[in-house]
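Q: Sequence:
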Amino acid sequence: MTLGLRRLKTLICGKLLYVTSITAQKTEVGGLPDTRSKANTGRGCGDNKFTCNDGHCIQMSLFCDRYPDCQDGSDEPEGCSESCLQTQKQCRNGRCVGLALWCNGHDDCKDGSDEVGCT
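With mature numbering (1 follows the signal peptide of the UniProt record, and there is no 0) applied, the sequence shown covers -24 to -1, 1 to 95.
Misleading hints may appear alongside valid ones.
[To be verified] Cross-link-like lysine-lysine pairs, in silico, BS3-like; alpha carbons within 25 Å at most:
1) K86 <-> K25
2) K86 <-> K65
3) K25 <-> K65
[As the list claims (entries may be wrong)] Label pairs and their in silico Cβ distance ranges:
4) M36 <-> R68: 21 to 27 Å
5) G81 <-> Y43: 26 to 32 Å
6) D87 <-> M36: 32 to 38 Å
7) N80 <-> D30: 17 to 23 Å
8) E54 <-> D30: 29 to 35 Å
9) C21 <-> G55: 16 to 22 Å
10) K25 <-> H82: 16 to 22 Å
11) N29 <-> G93: 34 to 40 Å
In short, the hints are calculated from the structure, not lab data. Each residue gets a CB set at the ideal place from its N, CA and C atoms; glycine is no exception.
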């Protein structure tokens, strides 16, 4: 049963992805393999969220940030780039964090490097 054809273009991990169709059983995503299980694709997490294989929801900005945020690690598939996006900076520990999160008074890198030298 197809829920309707939607075309969505987004940049994740330095790759342009197209959502070409969404069905009750499967979501097809070009550019990276869709690692989510069929059981979880029917109940989405909403806008700007990624559905982990185990059904948990995380912010889409945490997908391919070089740090596993899903308990099952499904937010860091093999197709993720080895470098940060242009909209991110790399922390000392290798994690990628959005530019807007640097010097915001919160340790987003989990090693404090995004708050060093802030005025």
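Q: Are the hints correct? Go through all of them and say.
A: Here's how the hints hold up against the structure:
A hinted pair counts as satisfied when its Cα atoms are at most 25 Å apart, and K86 with K25 qualifies at roughly 21 Å. A distance of roughly 14 Å separates the Cα atoms of K86 and K65; the hinted pair therefore holds under the 25 Å criterion. The suggested pairing of K25 with K65 holds, with an alpha-carbon distance near 21 Å, which does not exceed 25 Å. For the hinted restraint 21 to 27 Å between M36 and R68, the CB-CB distance of approximately 24 Å keeps it satisfied.
At about 20 Å, the beta-carbon gap between G81 and Y43 misses the expected band of 26 to 32 Å. Between D87 and M36 the Cβ separation comes to about 23 Å, which falls outside the hinted range of 32 to 38 Å. Between N80 and D30 the CB atoms are about 29 Å apart, so this pair departs from the stated range of 17 to 23 Å. For the hinted restraint 29 to 35 Å between E54 and D30, the CB-CB distance of approximately 18 Å leaves it violated.
Take C21 and G55: their Cβ atoms lie about 20 Å apart, and the range 16 to 22 Å holds. At roughly 20 Å, the beta carbons of K25 and H82 sit within the given window of 16 to 22 Å. With their beta carbons about 38 Å apart, N29 and G93 fall inside the hinted range of 34 to 40 Å.
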